[in-house]
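Sequence order for the protein chains is A and B. Quick note on the working numbering: the first sequence kicks off at 1 and runs consecutively. Quick note on the working numbering: the second sequence kicks off at 174 and runs consecutively.
One thing to keep in mind: the hints can contain errors.
Derived lysine to any residue pairs resembling SDA-like cross-links, with alpha carbons at most 20 angstroms apart [said to hold, decoys possible]:
{"#": "1", "chain 1": "A", "residue 1": "K10", "chain 2": "B", "residue 2": "K458"}
{"#": "2", "chain 1": "B", "residue 1": "K177", "chain 2": "A", "residue 2": "E157"}
{"#": "3", "chain 1": "A", "residue 1": "K111", "chain 2": "B", "residue 2": "S237"}
{"#": "4", "chain 1": "A", "residue 1": "K75", "chain 2": "A", "residue 2": "P114"}
{"#": "5", "chain 1": "A", "residue 1": "K5", "chain 2": "A", "residue 2": "A42"}
{"#": "6", "chain 1": "A", "residue 1": "K63", "chain 2": "A", "residue 2": "S140"}
{"#": "7", "chain 1": "B", "residue 1": "K458", "chain 2": "A", "residue 2": "M104"}
{"#": "8", "chain 1": "A", "residue 1": "K43", "chain 2": "B", "residue 2": "T234"}
Quick list of simulated restraints, FRET-style, between CB atoms [what the hints assert, rightly or not]:
{"#": "9", "chain 1": "B", "residue 1": "A489", "chain 2": "A", "residue 2": "K5", "range": "23 to 29 angstroms"}
{"#": "10", "chain 1": "B", "residue 1": "T317", "chain 2": "A", "residue 2": "S102", "range": "56 to 62 angstroms"}
{"#": "11", "chain 1": "B", "residue 1": "P228", "chain 2": "A", "residue 2": "T6", "range": "27 to 33 angstroms"}
{"#": "12", "chain 1": "B", "residue 1": "I294", "chain 2": "A", "residue 2": "Q131", "range": "36 to 42 angstroms"}
{"#": "13", "chain 1": "B", "residue 1": "E194", "chain 2": "A", "residue 2": "K160", "range": "22 to 28 angstroms"}
{"#": "14", "chain 1": "A", "residue 1": "K160", "chain 2": "B", "residue 2": "D420", "range": "22 to 28 angstroms"}
Please keep in mind that the hints were generated in silico from the structure rather than gathered at the bench. Just so it is clear, CB atoms sit at the ideal spot from N, CA and C, and this is done for glycine as well.
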Amino acid sequence: MIADKTAFQKIFLEHYARLFQTAFRLLRDRMSAEDVVQEVFAKLWINRDQLTVHTNLGGYLRKSVVNACLNYLDKQSRLTISSETTDFTSEGPTKIEHEELSTMLDNAIGKLPPQCRIIFTLSRKEGLGNQEIADQLGLSKRTVENQLAIALIKLREMLKPFLAATVLVASLL
Amino acid sequence: MDEKIGEIIARHFSGTATADEDAWLSQWRKSPSNEALFQEYAQLWKLAAGHNEVPDANPATAWSRFESTHLEKTTSIRWSRVLMKAAAVFLFGLIAIGLYNQIGKPSQLLVKSEETVTEIILPDSSHVLLAANSSLSYPEIFSTSRIVTLTGKAFFDVTRNEEAPFIIESGSEQVKVLGTSFTVDTNEEGTEVIVATGRVQLSTQNNNKLLTLSPGEVGNWNNGSGSFSHTNNSDKNFMSWATGRFDFESTSLPDVLERLNEFYPDSIETELNVKACSLTATFNKQPLSEVMEELSIALGVKYKKTNSGYQITETACSSK
């Protein structure tokens, strides 16, 4: 039970940085990430009377943040009238720096459908296992793995011209 | 590649593949083309985990924000709830009077957008994207004609029905269509219509002035002169307020900012004279923070964060 403001502040300060990190990785935008975490704490504060002790408050909060991020992305993607599958033209670059490819990959992850994007990011950036991701989002492990496969396939489609190039450069080094 | 193999690869990477699956995968990788594909996936998988910069979180600042928005206002929230209830009773009274006046007519719905673009699906399944600070009123059920009233700006994608013309009323003029998509922008000066697909007819309420528009054309009604005019649409960004896609080509910075501010809830402001700055760039719904970064690279813009968004404090091209 979260009795008062001081206790709540302690919880806030203890968990904020970790939750912000998760939200930022999922949304890749500082302001949106801050807003989502604020929103999650606001809900926690409003429902503080109804909340029973969570054995793992950190886990509960992270789950709330992940779901709030998914809602946020869902809402954003519904505003798109025509979405483009890819923005990368295959002009056949000869050399792509590792750093550039990382940035392109992050942009490409941002173009995945919301659920797919969240699952892939939780797996790769947050280092969660497939079962953990399934538990956070209330999905089956099978669905998570299927979404990871879709993410890989789509990301490769988007970045195809650059992947081969990097392999080539890497082998020349 | 089909999803089945993708799934096995994904399980292999996340360490949840069975011994059978791993064995199958090694067999599959014996073909050089499969192996090349596998290496590309392996590269993506590894690379995705590598790039991990997260800005500093600032818990203390976040706490002050939380405290001031959620904790200190507790009493005023309670009060505003009471006020809202009172307002609801009052509104209910107004609606009841409205209904009483309209007995026999279907009730009228009013949608107001605030800071963000609002999507409305009309009773005939036509789509409307209502720009920020605009409102649309329409009947709960359409009769033989589909009449809506617009204040502000909206994009319409109208379901085709030749039996029931779709009419948008805004001030003294009407926009009448059968089935098409277009943007309507109303303001004090008049009404502007930009057609995306199909044909759109503009007329005055008494039908004595008419203008028919084709795709790519812009029609203007000027309240002052009481007349229509039309030109070709040269503005590639006429839909950017709804789509978040911007295509600027030597566009002057004031125009760029106006367009960006229509889409993003946070605004970019400046007190500098930036008319001499022009930008060539495309944006596709990226976070405003990234847009600001690009402005700083392209135009030497320096900026600071404000409560309402960003303020440009310096550019390489502004005049005093």
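How the hints compare with the structure:
no.	hint	verdict
1	A/K10 with B/K458	violated (36 angstroms)
2	B/K177 with A/E157	holds (17 angstroms)
3	A/K111 with B/S237	violated (34 angstroms)
4	A/K75 with A/P114	holds (9 angstroms)
5	A/K5 with A/A42	holds (12 angstroms)
6	A/K63 with A/S140	holds (15 angstroms)
7	B/K458 with A/M104	holds (16 angstroms)
8	A/K43 with B/T234	holds (19 angstroms)
9	B/A489 with A/K5: 23 to 29 angstroms	violated (48 angstroms)
10	B/T317 with A/S102: 56 to 62 angstroms	holds (59 angstroms)
11	B/P228 with A/T6: 27 to 33 angstroms	holds (28 angstroms)
12	B/I294 with A/Q131: 36 to 42 angstroms	holds (39 angstroms)
13	B/E194 with A/K160: 22 to 28 angstroms	holds (25 angstroms)
14	A/K160 with B/D420: 22 to 28 angstroms	holds (25 angstroms)
Hint compliance for this structure: hints 1, 3 and 9 are not met, and every other hint is.
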